[in-house]
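S.K.: For reference, the chains in residue letters:
Protein chains: 4
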Amino acid sequence: MIGGGQGAFIGGVHRIAARIAGNWQLVAGAFSSTPEKSRASGIEIGVDPSRVYGSYVEMIEAELALPVNQRIEAVSIVTPNHMHAAPAIAAMEAGFDVIIDKPLADSMENARAIADAADRTGRRIAVTHTYTGYPLVKQARELIASGKFGKVRRVAVKYTQDWLSRAADLEGNKQAAWRVDPKQSGDAGAFGDIGTHAANLAEFITGERITRICAELTMLDGRAIDDDGAALFHLSGGGKGTLTASQVLVGDINDLAISVYCDEAGLHWRQEEPNAMRIGYRDRPTEIWHAGANRAYLSPEVVSIQRTPGGHPEGYLEAFANIYQAFGNELRGAAGTEPGYATMEDTLAGMKFLAASLESSRRGAVWVDL
Amino acid sequence: MIGGGQGAFIGGVHRIAARIAGNWQLVAGAFSSTPEKSRASGIEIGVDPSRVYGSYVEMIEAELALPVNQRIEAVSIVTPNHMHAAPAIAAMEAGFDVIIDKPLADSMENARAIADAADRTGRRIAVTHTYTGYPLVKQARELIASGKFGKVRRVAVKYTQDWLSRAADLEGNKQAAWRVDPKQSGDAGAFGDIGTHAANLAEFITGERITRICAELTMLDGRAIDDDGAALFHLSGGGKGTLTASQVLVGDINDLAISVYCDEAGLHWRQEEPNAMRIGYRDRPTEIWHAGANRAYLSPEVVSIQRTPGGHPEGYLEAFANIYQAFGNELRGAAGTEPGYATMEDTLAGMKFLAASLESSRRGAVWVDL
Amino acid sequence: MIGGGQGAFIGGVHRIAARIAGNWQLVAGAFSSTPEKSRASGIEIGVDPSRVYGSYVEMIEAELALPVNQRIEAVSIVTPNHMHAAPAIAAMEAGFDVIIDKPLADSMENARAIADAADRTGRRIAVTHTYTGYPLVKQARELIASGKFGKVRRVAVKYTQDWLSRAADLEGNKQAAWRVDPKQSGDAGAFGDIGTHAANLAEFITGERITRICAELTMLDGRAIDDDGAALFHLSGGGKGTLTASQVLVGDINDLAISVYCDEAGLHWRQEEPNAMRIGYRDRPTEIWHAGANRAYLSPEVVSIQRTPGGHPEGYLEAFANIYQAFGNELRGAAGTEPGYATMEDTLAGMKFLAASLESSRRGAVWVDL
Amino acid sequence: MIGGGQGAFIGGVHRIAARIAGNWQLVAGAFSSTPEKSRASGIEIGVDPSRVYGSYVEMIEAELALPVNQRIEAVSIVTPNHMHAAPAIAAMEAGFDVIIDKPLADSMENARAIADAADRTGRRIAVTHTYTGYPLVKQARELIASGKFGKVRRVAVKYTQDWLSRAADLEGNKQAAWRVDPKQSGDAGAFGDIGTHAANLAEFITGERITRICAELTMLDGRAIDDDGAALFHLSGGGKGTLTASQVLVGDINDLAISVYCDEAGLHWRQEEPNAMRIGYRDRPTEIWHAGANRAYLSPEVVSIQRTPGGHPEGYLEAFANIYQAFGNELRGAAGTEPGYATMEDTLAGMKFLAASLESSRRGAVWVDL
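Residue numbers (UniProt numbering), protein chains in the order written: chain P, 1 to 370; chain L, 1 to 370; chain U, 1 to 370; chain G, 1 to 370.
This is chain P alone, in the form it adopts within the complex (with noise of 0.2 Å):
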C-alpha cells in the first residue's frame, strides 16, 4: 500500500476492504511521504516493520529485491490525487499490478500517462469507483442490459454531501484540504471527488456513456474549486440526464442516489439504503427488490458476490470487498464475466466527464462533446 497512514481515511477503508474479501494480505507499504510517519502507521497497522518503507521509490526496490514468491503481488494506492501517476506508472514499470482510489489521477495528462504505462507494460489497474461494487447496483446493470426494459430514457443521478458547507471545514482538515486545493486535487473539487463517482455510476448501469453535457460548477465565497455543480447531459444510447454533485447542502450525508428510466420501467437505488432497489412500472405495482445472497431473483453473479443472506445487511465495506475480491480473483485467473471493477475505459471515461464539465462551467455553462 502506498498512503493510507495516519489521519487518512480512505486508506484505512482500503484495508478492511480486502480483509473482508479475503483473497488479499497486507504485507507492505510507504504509508506516508514522510518517513517516520510511513513508520509509526505500519506498526499500527500491523504490517512486519521490515516491509514498511520510507517511500514508495524505496518500497519498489526493497520487495523487487526479494523472491518473487515472497514479495508484494500488486500495489495499492491511496494517495492524493495529484499522488497517483508516478508511484503507479512506477509500480506497474516494476511488474507489479495496480489498484488505485478513484479518480485515476489529478489530470487528464495524467491520466493518459497511467493508461499507457499500462499498455506498454501489461499490466492491470482497478480503480476503485465503489459504488459499482454494490450487489443491486450489478443488478439493475444486468436488467437494463437485458433489454427487457427497453431503452434508457432518462437517467437522474445525484452525489451530495454537506461536510464542506461551512467556510471553516478546510482549515484544519486533512482530507478536506487537499481536496480543496487545486495543486492536490486537480482542478475539481465536488465534481472531481464525487462528481465522478455519480458519472460512473450512471454508465456502470446504462451500460452507455455521457457524450455531451452542460455542466454549471459553483462554490462558497473565498473558495478556488467547485464545491456544488449540476449538469445536464446526452447518453450515448440517446437519452438524457440530470446530475447534481455538492460538498455543501447541507442534511445530505452521503447521498449517492440514481434513477433510471427505461421505456417500461423506472430504476431507483440509493447508496445510504443499498440493500432494496425499487423499480416502478406503469400497469403494475412497483417493486421492492432485496439484496442477500438467497435471493432466486437475483443473477447468479449477483448473489455470488454476498456473504450473508437477505435481511443482514451489507454495506460499503463490503461493496469496496467486492472490488477487491474481483480483482484478485482476475489476478488468480478467476474472474467473472464482467470485471467487477472500473476498467481503465471506464476511468478514461470519467476524466473526460470531468474535463468536459470543468470546460463546459468555465464557458458559461455550454454544451460541450467528451
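Treat the hints as calculated values from the structure; they're not laboratory data.
Predicted, not measured: the structure shown is a model, and the values here were computed from it.
Check before you lean on any hint, since a few could be wrong.
Stated by the list, open to error - SDA-like, lysine to any residue: derived pairs with alpha carbons at most 25 Å apart:
no.	chain 1	residue 1	chain 2	residue 2
1	L	Lys37	U	Ala293
2	L	Lys148	P	Pro285
3	P	Lys37	G	Ala296
4	U	Lys151	P	Leu170
5	P	Lys37	G	Asn294
6	L	Lys151	P	Pro285
Stated by the list, open to error - With the C-beta cut set under 10 Å, the calculated list includes, among others, these residues of chain L facing chain G:
no.	residue
7	Lys151
8	Ala276
9	Arg295
From the three backbone atoms N, C-alpha and C, an ideal C-beta is built for every residue, glycine too.
Following the hints, put chains L, U and G in place on chain P, whose structure we already have.
M.R.: Relative to chain P, chains L, U and G alone:
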C-alpha cells in the same frame, strides 16, 4: 363553473374542493361548449336546470339579469388552456371574480390580456396551483422566509408522471388529446402542464423568482410538443436549481418533489406523501415535521387550514379546498396574512418561466433570461 | 345530525365526509343537549335555523310533522358513546335510517338494544368504522378473500396514539374528558375508542372473526379506565394475532397499522400512509400497490370509490366519505356487492371483542372466548 | 474455531467478523465432527493444515502442547446448540476464553453448566448476540439509561423470517434440519433461534429484564417444534411488552425490529435498515438519528465502534465484528465502559426467557414468572 362537463377530470376536482372548503356553493354552470352536453352534465352534477347554460356567454348574461343577491359571486374556469382568456375576461368585465385552473393561459399574450382585464376591472383572480395549498408547503415557505436557515443555495424540483409514456396514449383520451395538441395547450406540453407547477412550487417555497434558465425539452417520436425535459436555473437570491418535468417517466405516478437547501438546513417534501416534511441538518438529527391541526410546532396559519388532528391524512382534495377556501375568505374580507392562492404576479412568473424554457430549448438549450 | 356542536371533533368530520360523498345534505340537527348551544352551532354550520332543534326528541317530532319529501331521510349520531342508544332507537322507531359513530354503544346491553330496534323496525344502520373506507383496505380484503395467498397465519395490528400520554391531558379537554370517564365512554378507554377500530380492521381484511382473546389493559397512575393495552388472539380460520391499542405511546400520532401474513404473502398497510400497501413474497420482489382511480391492477370496486388518479393522495376524509357514500347509495337502492360500511354484525363483533378484552384483563389476562 | 465447516452459515460470518475486527487471527480449528470434513474445510479457509484438527478434544490437547505464545488465545464455538456445552467447558478448563454463538446452550441445564465452568475456571465468555453490536442499538441503550426520556412504558419487539414457511423447507437444508430438530436445537425452534435475539435486544436497550411472560408458540402441521409464536411480557421496571418470533411469516426476510416507548419519547430501530433510528416526541418533530463515525450527536463510545463516516452504511458483519473487537479488547485489557458483548448474565436471562416461554405455551399460554 365554465367547463368541467362529462369526461373531464379537473372540473370534478374543483367541485369537490369547493364542497370541502365549505364556503362555496355551485349554483350555475356552462359545463361544455356543446349545449346538450352542458345540460346533461349539469343534471348529473345536481345544479338547478334553470341555471345550466349552453355557453359561458349565455351564463354571464342570464346571471347578470338576476338580482345581485341571487346571482353568482364568482366564476370557476376549468376549460382547456386555450379557452381560459375569453371567458375570464368576459366574466371580469361583467363584475365577477374568477378562479382559473392553471396555467393561466395558453400563451403569454393571453395571460397578459387576462392580467390587463383584472387591472382594468378591479376583479380578483385565483389560479389553482394546487400544490401550494398543502399545509407543509406553506410551513416550508414560512421557515425559509423566517431566515433561520439562511440563504437558499440550491433547489431540486421534479414533477414526473408516466401516463403519456406510450405512443398510443394520445388516442382516445380526452385529457391527453388536448394537452398534447399545441392548438389547445399552447406551445408547451409537459412543461406547461406540470413544469409550471414545479416552478411555482420552487418560487413559492423559496419566496424568490427564477431569473435565468437553460432548458432542454424532448418528446417521444411522432409527438408535436414536449413530453419530457430538464433545466438548470438561477434564483433571484443567487441560488441555483434543477427542474425536471415529464409525462413519460415510467413508474412515476404523480411525483412532484422538491428539495430546498439553505445555508443551515435542507428541506424535502414530496406530494405523494404530503403529510411529512424532512429537514436535514449538519450537526443534529434529521427532523420529520408532521401535518395535523394539533401539531404544536406548526405555525398558526398552517394549523388553521387543516381539518383534522395529526395522523389523519389530508391530501390533494384538501389542498385544493384550501385554495377555494382562501379565495372565498378574501372575497368576504376575511383573508389571512398571505393570499393562500397563486396571485396574478405568481402566475405571470409561471408564464415567463414557460416562455423562457421553450425559447431556451428551441435555441439548443442555451441560457435565457426571464 | 345529533351531536357534533361547538367544541366537538368527530361531528365536523362527519359533515365534511358527507359533503365529499356528494349524495348527502345536512338539513337539520340537534347539535347539543344544551338548546342554546345547539342553536349557536347550527348557525355556525349553516343549517336553516328553523330546523336546528334543542334536542333529538324535538327534532324527530318536528321532522315527522313535515311532508315526507321534505323531512330528513336519515339521522347521523355523533354524540359520546353513552348517548348513542336512546336517539338511535328513537330515530329508527320514527322510521329513519341511522348512521352512528363507532363504537355502536357504551355497553353490550345498549348495543343489543340498538340491534333489536333495527330488527324490529327494519331500519338500516351504518357504523362509521372509518378505516375500512380506505381503498387499499378494501383491496387487501379482496386479495385475501380471493384465496390466492392461502390461509391467514398471523395478524399483527396496532392502533396507537399519544394524546393522553400525560396526566394533565384529562383536564380541560372535552374529548379527553368523556373518553376517559367510564360513565360516558363505557367501561373501556383506549380499547373502546381505538382498539375496536383495530379489531374491526383485522376482521374486515381477513374476513374472519376474533374467537378468543388474552388481553392485558393498563393505565397511567390516577386513571379510571384503560389507556394502553395489548392482546394475543385467535381468528376463526385458525390463525393467530396480536393487537396493541394505546393512547399514551409517545411519538405515535394516529398509528393504525396492520400486517396480515398468509401462506404465500404478507400484506402491510398503515393508515398514516394510506395510499400504498406493501405485499411481501418469499421468492419474488416485494410489491407496493398504489391507490388511484386509474391503477389498472386494482379491482373495479376499489377503483370506483376513488375520486382522483394515482399520486393525488386521498386521505382520512375521503375514506370517511366513502362510508357515507356507500350508505347513501344503499338507501337509494344502488349498493355495490359489499355493504361499504360496518354492518350491525360487524359492530356487534366489535362489542364482543371489547367485552372479552375487558373481562380477560380484569381476570388477570387469561384467555376468554368471544 | 470449533464448527463452521463446509455448508455451515454462521461459522463463515464469525470469520469475516473477526477479520473486520482486526484484533483476531484464525490460526487453528476443528471445523467439523467428521475429521476429513474438518480438514477439507480448513484448507478452504486457509488455516495452516498442521493446526486443523479432527475434533475439539484433539485441538485442545495439541494447542496446550504448544508454547504459550504460540498457542490459541481463545476458542470460538459455532456448532449447533446441543454441541456448545462440552467444547466450551473443555476449552475453559484448558484455560482458554470462549466465544459462543447464541443461544448459549440447548437447555437450561447445559447453560448453567457452562456458567459454572466459567465461574470455576475464571475464564471469560462472550455470546454473540449480534444485534447489540449495532451502533444505534448502543445509542438507544445510552439514551434510555440517561433517564432523559423517563421510564419505559411499552416495548414492541419482533423478529420474523420466512425461510421455513413451507413444509418442504425441512428437507435438504442443513441449517433448517438441526434448527427444527429438538435433539439438536433443544426444545425450542424459532423462539430459541431468534426469539432469544429479540428478548436480548429488548433487555439490552431498556437495561431491564423480562420478569413474566405469557407466550403462545405454534408450528406448521407436521413439525415438532415451534416455528412461530407471540407473547405478552412484563419488564422489571414496570413496563409492558409484546414479542413475536417466527420463521414462517412470508415476506419478512430477517425482520428484527423494536419500538421502545418511554414517558417522553418513543425509539424505533429496525435491523434491516440499521443506520437510522427514529425517535418520536409528542410536541416536536420526529427525529432520525443517523449512524456514522462523524455524527457529532452520537456518544463517543458509539462513534468509536464505527469505521466510516455517516452515509457509508455499515451492516450486519460490522455489528458482528464489534462483538469480536470488544471481546478482543477486553482480553487484552482495553475494554470500554460497557462489555460490548452479551455477558453470561445476559445470556442466562435469555435462557430463562426461553424456558419460561416454552412452559407458558405448553400450559396453554398462561403467565409464567422468570
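S.K.: Does each hint fit the structure? Answer for all of them.
M.R.: Now for the hints, and whether the structure bears them out:
As the CA atoms of Lys37 (chain L) and Ala293 (chain U) are separated by approximately 24 Å, the hinted pair is consistent with the 25 Å bound. This hinted pair does not check out: Lys148 (chain L) and Pro285 (chain P) have alpha carbons roughly 41 Å apart, beyond 25 Å. For the hint linking Lys37 (chain P) to Ala296 (chain G), the alpha-carbon distance of about 28 Å lies beyond 25 Å, and the restraint is violated. Between Lys151 (chain U) and Leu170 (chain P) the alpha-carbon distance is near 61 Å, which puts this suggested pair outside the 25 Å criterion.
Proximity of Lys37 (chain P) to Asn294 (chain G) is assessed by CA-CA distance (about 24 Å); at most 25 Å being required, the pair is judged to hold. Pair hint Lys151 (chain L) plus Pro285 (chain P) does not hold up; C-alpha atoms about 40 Å apart against a cutoff of 25 Å. The beta carbon of Lys151 (chain L) is not positioned within 10 Å of any beta carbon in chain G (closest approach about 23 Å), and the interface hint is therefore violated. Among the interface hints, the one on Ala276 (chain L) holds; its C-beta lies about 8 Å from the nearest C-beta in chain G, closer than the 10 Å criterion.
About 9 Å separates the beta-carbon of Arg295 (chain L) from the nearest beta-carbon of chain G, less than 10 Å, and the hint is met.
Hint violations for this structure: numbers 2, 3, 4, 6, 7, all remaining hints satisfied.
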